[in-house]
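J.: What follows is the residue order along each chain.
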Amino acid sequence: MKKIEILKLESLSRAPMLVEGYLFEGSDPEAPSVAVVGAMEGATTLPLYSASKLVDFLRNKLGTGKILGDILVIPSVNHYALNINERFWPLDKTDINMMFPGYGLGETTQRIAHKLFEAIQGYDYGIVLETRSDLATCLPYVKLYKTGYEDIESARRLGLRIIHHREPESIETVSLQYNWQLWGSKACSVICPHQPLIDPESARVILDSLINFLNNSGIIRYETFNGYDSTVVTRERIEVVQSPHSGIFIPTKKPGMTVSKDETIGKIVHALEGEVVHRFLAPCDGMITCTYMHSLIFENAVAYRIAKIH
Amino acid sequence: MTPDITEIFSSELPVGETLRIQRARFAPEKPDADAKRISIVSGIHGDELEGQLVIYLLAAWLRDHPEALRGTVDLYPAVNSLGVDTIIRGFPLYEIDLNRAFPGARNDFLPAQLVHALAEDVEGSDIAIDIHSSNIFLREIPQIRINKEFSEATLPLAKQLNCDFIWIHDAVTVLEATFSHTMNSRGTKTLVVEMGVGMRLTKAYGRQLLRGILNLMQQEGIIETPTEFKVRESFSSEVGDVFYINAPAAGLFVPALDHCEVIETGQWIGDIVDPLSGTVRESLYAPNGGVLFTLREYPVVYEGSLLARIFGVHDEKN
Ligand SMILES: [Zn+2]
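Protein chains in written order, with this note's numbering: chain B, 4 to 313; chain P, -11 to 306.
Incorrect hints may appear among the rest.
In silico lysine to aspartate or glutamate, DMTMM-like type, Cα no more than 20 Å apart, as pairs [stated by the list, open to error]:
no.: 1; chain 1: P; residue 1: K147; chain 2: P; residue 2: D262
no.: 2; chain 1: B; residue 1: K149; chain 2: P; residue 2: E164
no.: 3; chain 1: B; residue 1: K11; chain 2: P; residue 2: D262
no.: 4; chain 1: P; residue 1: K18; chain 2: P; residue 2: D114
no.: 5; chain 1: B; residue 1: K11; chain 2: P; residue 2: E270
no.: 6; chain 1: P; residue 1: K136; chain 2: P; residue 2: D158
no.: 7; chain 1: P; residue 1: K136; chain 2: P; residue 2: D152
no.: 8; chain 1: B; residue 1: K270; chain 2: P; residue 2: D114
no.: 9; chain 1: B; residue 1: K256; chain 2: B; residue 2: E266
no.: 10; chain 1: B; residue 1: K257; chain 2: B; residue 2: E204
no.: 11; chain 1: P; residue 1: K24; chain 2: P; residue 2: D(-8)
no.: 12; chain 1: B; residue 1: K264; chain 2: B; residue 2: E278
no.: 13; chain 1: B; residue 1: K6; chain 2: B; residue 2: D59
no.: 14; chain 1: P; residue 1: K136; chain 2: P; residue 2: D73
no.: 15; chain 1: B; residue 1: K96; chain 2: P; residue 2: E285
no.: 16; chain 1: B; residue 1: K96; chain 2: P; residue 2: E83
no.: 17; chain 1: P; residue 1: K136; chain 2: P; residue 2: D114
no.: 18; chain 1: B; residue 1: K69; chain 2: B; residue 2: D95
no.: 19; chain 1: B; residue 1: K64; chain 2: B; residue 2: E226
no.: 20; chain 1: B; residue 1: K311; chain 2: P; residue 2: D96
no.: 21; chain 1: B; residue 1: K96; chain 2: P; residue 2: D73
Hints listed in this document are in silico derivations from the structure and should not be mistaken for laboratory results.
Given only the sequences and the hints, what does the whole structure look like? Please build it.
T.: Following this line, the structure appears as structure tokens:
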């Protein structure tokens, strides 16, 4: 393994930010290569944790001679945000994942994106570890944009339960996954739950999915347990459950749980008077893919998304 | 005359409060059948307040001149009302830039519902003006930003607005998520004004734009008054180039010039200094002569931070 410098950025008052990648060179020149990008934002740590555990696995757990193709892992590109629990770039609050393909003469986060994007060119596969952009936590799943270049088969090798295969929104055309696909890598995103503390179960699922991917793609040789035969879900299959009232939101079902139509999945409690003002019932048979992630909820906010069972 | 005030969006907040987005409508009792409607929007970004002053001045003018009104004037001073009240640029809690969330949808997350409600309400206006104040980092002279895709329809209107500069942008896909792109594609001629700086009011700019809006409304028959609103002729990016000056290093930016100056090639723009060591890290010089129409207001910079923009006429030699 060798550490490579991806970028170094000076600051007026903070110590310089040094972003590094961990490069594991494969022994088989015919084997495919992959780059994994961890935390581009702060305020959530699963992308960081999962990427760093992957480094640990490749370096300390896998054993010698088992890496066939090149693997580059970049656990964090935004230390400055992570260290102070900010979500976006701390000075101007811009989202690095909205700056691709980047611009070397542009604004700070465009420059960061540019250097990152240069470092991850030429890999056969790309995996972005990210979180949902809305206020929702979810089960770990794959987000795959329909660009005309996407590759469902390789996304299946992660073995996660769901692949959300959808058109990108207009602002997502400046995301890493989208541009990475356009520049010729088979890229997808693993969406990590948004949790203030690491949930060991989700973390395990995400790390296993990365190891599955490496093994199933012939990048490493490692005997492991199989993941899921992923279900490909399109937008039409997602049922949105909005909250008819505001108040204190108490979900009783978590992302990843299957539910039956009319089953109670949560409630809203009046914030000042304590009575239950609404009970959420599942509108269909299906699996909860994400829930609102704060305990105070606005009227009409999206409380749940459920993937319907056909 | 007093306006009709309507809630165009409301949502119960968790703890004993309701989020409201309000519109004030000034309209004559019996408007002509062909009378036009104009919508003035501001506060899509919660840290930008210059538009609120303009809307105040306009509302006060309309109160004083009820006899002049022929069409409908809709005012939306604080679209991101929670943000305006909290000095937060995006939609609080969600950290969403509302001007990247259009056109929105009723069954999407809350910021998307809000922008959806605004777009629905403004829809049908003949003209819309969306007033921004740059952000807290940059100070801008009064300028109109228009998208090339719609410039044929919007450029003549932009020229009425008494601004100093009209910047025609090439289409960028992310702009599709803005208010102006959404409204222009729905047939409302929409202009974006950028002026001043975030979290502040620049009174002279407010009066300048008021005059421009009154002039535009007069030209469009929305008001009828013997007063003549003389407006300046803006220069436009069609006849020149915009030069960006980004910080080559981190530090404290100390400008050497005043905003809105006419400058020459090679002129000293300012220094990036290091207070700890007492050294100048970089000195910045103008790559081209022209008008310094954007100047950094917030001094802390990283490599890449925008320091200034210069608009310069094409060099004859090239
Ligand atoms: Zn703005």
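J.: Take the hints in turn and mark each one as holding or not.
T.: Outcome of the hint check:
1. Distance check on the hinted pair: P/K147 and P/D262 sit about 43 Å apart at the alpha-carbon level, beyond 20 Å; violated.
2. Under the criterion of a C-alpha separation no larger than 20 Å, the hint pairing B/K149 with P/E164 is consistent with the structure, at around 18 Å.
3. Between B/K11 and P/D262 the CA atoms are separated by roughly 18 Å; this keeps the pair inside 20 Å, and the hint holds.
4. Of the pairs offered as hints, the one joining P/K18 and P/D114 holds, with about 18 Å between alpha carbons and a cut-off of 20 Å not exceeded.
5. Our distance criterion of 20 Å between C-alpha atoms is met by B/K11 and P/E270, whose separation comes to about 18 Å.
6. For the proposed pair P/K136 and P/D158, the alpha carbon gap of about 5 Å is at most 20 Å, so the pair holds.
7. For the given pair, P/K136 sits about 19 Å from P/D152 by alpha-carbon distance, which is consistent with the 20 Å threshold.
8. Distance hint between B/K270 and P/D114 is unfulfilled; the C-alpha atoms sit about 45 Å from each other, more than 20 Å.
9. Distance hint between B/K256 and B/E266 is fulfilled; the C-alpha atoms sit about 10 Å from each other, no more than 20 Å.
10. Distance restraint check for B/K257 and B/E204: the Cα-Cα separation of roughly 13 Å lies within the 20 Å cut-off, and the hinted pair is therefore satisfied.
11. Restraint check for P/K24 and P/D(-8): satisfied, since their Cα atoms lie roughly 17 Å apart, inside the 20 Å limit.
12. Our distance criterion of 20 Å between C-alpha atoms is broken by B/K264 and B/E278, whose separation comes to about 24 Å.
13. Only pairs whose Cα atoms come within 20 Å are accepted, and B/K6 paired with B/D59 is accepted, the gap being roughly 13 Å.
14. For the suggested pair P/K136 and P/D73, the alpha carbons sit about 34 Å apart, so the restraint of at most 20 Å is broken.
15. As the CA atoms of B/K96 and P/E285 are separated by approximately 16 Å, the hinted pair is consistent with the 20 Å bound.
16. About 9 Å separates the Cα atoms of B/K96 and P/E83, which keeps this hinted pair within 20 Å; it holds.
17. For a cut-off of 20 Å, the pair hint linking P/K136 to P/D114 stands: about 19 Å separates their Cα positions.
18. Annotation: proposed proximity of B/K69 to B/D95 is violated, straight-line Cα distance about 43 Å (limit 20 Å).
19. A hinted pair counts as satisfied when its Cα atoms are at most 20 Å apart, and B/K64 with B/E226 qualifies at roughly 12 Å.
20. A C-alpha spacing of about 17 Å is found between B/K311 and P/D96, which places the hinted pair at or below 20 Å, so the restraint holds.
21. The suggested pairing of B/K96 with P/D73 holds, with an alpha-carbon distance near 19 Å, which does not exceed 20 Å.
The structure is inconsistent with the numbered hints 1, 8, 12, 14, 18, although it conforms to all the rest.
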